[in-house]
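Visitor: Chain residues, written in single-letter form:
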Amino acid sequence: MATEQAPLAERETAPPRRGGGWQATARGLLIGRPETGALFGAITMFVVFAFIAPSSDTFTSRTSLAGLASITAEIGIVAMGITLLMIAGHFDLSVGSVLGFSSVIGPYLILNYGTDPFVAVLASIGVAISIGLLNGVLVVGTRIPSFIVTLGTLLIWRSVLLRVTEGFPVAVDKDTFVFKLFSYRIEDGFFHGYQVSFLWFIGVLLLLSFVLLRTRFGNWIFASGGNERSARSMGVPVDRVWMILFVVTALCACLMGLIQVGRFNTVEATRGAGLELQVIAAAVVGGARLNGGYGSVLGAALGAAMIAMIQQGLILSGIANYWLQFAVGTLIIGAVIANQKLGRSRPQI
Amino acid sequence: MIAVNVPDTRKLSERIPYLFYVGGDEEAGGRLTAQRQMQDGDVKHAVCIIHEPGHTGLEARCRGYDAELKGAGAKVDKLPSSKDATQATEQIKGYLQENADVDAIFGVGPQPATFALQALDELGKKGDVRVSAYDMTEDLLTEIDNDTLVSTIDQQQYLQGYEPIHWLTQHIEHGFVMAPGVDMLTGPALVDKSNSSKVAQGVQAGFR
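Chains P and S, in that order, are what the protein sequence lines are.
Those letters in the first sequence? Residues -9 to 339, by this note's numbering.
Those letters in the second sequence? Residues 33 to 240, by this note's numbering.
Honestly, the hints are just simulated from the structure, not real lab data.
Remember, it's a predicted structure, so these values are computed and weren't measured experimentally.
Each residue gets a CB set at the ideal place from its N, CA and C atoms; glycine is no exception.
Hints are supplied without guarantee of correctness; some may be wrong.
[Said to hold, decoys possible] Example chain P residues on the side facing chain S (calculated, C-beta under 8 Å, incomplete): (1) Ser54; (2) Leu55; (3) Glu64; (4) Val154; (5) Glu156; (6) Phe254; (7) Gly264; (8) Ile305; (9) Gly308.
[Said to hold, decoys possible] Within a straight-line C-alpha distance of at most 30 Å, the following computed DSBU-like cross-link-like pairs (lysine-lysine) qualify: (10) S:Lys157 / P:Lys170; (11) S:Lys225 / S:Lys107; (12) S:Lys115 / S:Lys158; (13) S:Lys107 / P:Lys164; (14) S:Lys158 / S:Lys225; (15) S:Lys76 / S:Lys157; (16) S:Lys76 / S:Lys158; (17) S:Lys110 / S:Lys43; (18) S:Lys102 / S:Lys76; (19) S:Lys115 / S:Lys157; (20) S:Lys43 / S:Lys158; (21) S:Lys102 / P:Lys170; (22) P:Lys164 / S:Lys158; (23) S:Lys230 / P:Lys164; (24) P:Lys164 / S:Lys102; (25) S:Lys158 / S:Lys107; (26) S:Lys230 / S:Lys157; (27) S:Lys110 / S:Lys157; (28) S:Lys115 / P:Lys170; (29) S:Lys158 / S:Lys230; (30) S:Lys107 / S:Lys76; (31) S:Lys115 / S:Lys76; (32) S:Lys102 / S:Lys43; (33) S:Lys43 / P:Lys164.
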């Protein structure tokens, strides 16, 4: 898997690599990459939980791995989207409300207006694009920090969601085909028990990694977050980059919402609440800087995997889930320290 | 002032000075759930799933369930779960994988009960484990009709809206009061297959 590099300015100021065989090669592969800490952390965590789970095969059983894949996929899809935004220097705290609101629209239209399910899903996607665009326009147009703008839209869309649903769950037929595209559960073979959401996750991982690492737009993302003024002076359309990334983040939240609608058939008014903290945690654990210019799509995916492993690992180890937040908090602090040591992530967070 | 739905559980001398409390008795609801589950046979290992750890009402539901079942000799665990649908379902699946002998589940609200049913369905064990919920949704009533949910608890919230207005009016106009520390309970009321169709009519009419 290819990994992200620091923006051009940092790459140019990095010290030249010394020659010296496999150590230098290994150092070149690992040191200075945003996701290195997350990679080591994920491997270590997997080994530890596999070892301490009371039944030796519990953590590595098919059911457990399928569960890890489901949680990783959903947190990871949104975390990867928000990571691009963070690299470009912004936040989106409204992802949970966007998820809830965009995923309730489809079932609501089907239930109340008999809308064709395909059209209803398109409406959900359209709502997500519109909300993302609105976030972008507000940030670009007013120059108010995205933290504030999206804190506002978090509350606004949650309120609209509560008004639409009147606080009650909205349900959709269990076997609606279009929703199964997002949530089909494999019933036999090697991947028995896995949700198709993991394929969506892999797809988003490959697509966003490609965009970030192999396209001009990816360079613009790093440049916009690394040094906005320099980026503008070099002709980078910073405002457009930001608006597109707000839309991308909202679409990722919508995708997670559609996956959940398909699996659970209902959307309750609280759907998605608190998601913003989990996905930002995954992005930070994955090496993203809160002040922009640095981060990794793969790192965010690994960060999501670590949060999933903590959740499953604590339960399978018989440790009360009351410790979950303690463990995630420790993970965030530990990951930032590790990223400082292993990468070029400076203590600016 | 009358407290509705959530009482102040501190000592009478320390609590908010309301006239009385109108609402359900959460701990009694937990006990009632346990009693109903035991009507279908002994419970050996049960779990109470709580999606908002620290919420006094939800903790009280778990406490009542725990006390009733432990009094009958059962082992009872408490599983604090995520509020996220996928994460909660996977946590419950993980717990059930590690505790395959669990024969009774109590979700302290519609969400954890629904996620427990989803987890059991995906594990191929739906219908094999007694599941009970708290509060009502149309889906939960359907699960009761399908024999996949043993029971749920109705707090009869319509009365929680009606009674305070009625009492406040009488208090202002005629000075009616209640003795200090005495509350007006609207629940718990058990809903199981024996009365689910009647309850469903009430739901459709907007009273339950």
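Visitor: Taking the earlier hints as the rules, which of them does this structure contradict?
Guide: Checked against the structure, the hints that fail are numbers 2, 4, 5, 13, 20, 21, 24 and 33, while the rest are satisfied.
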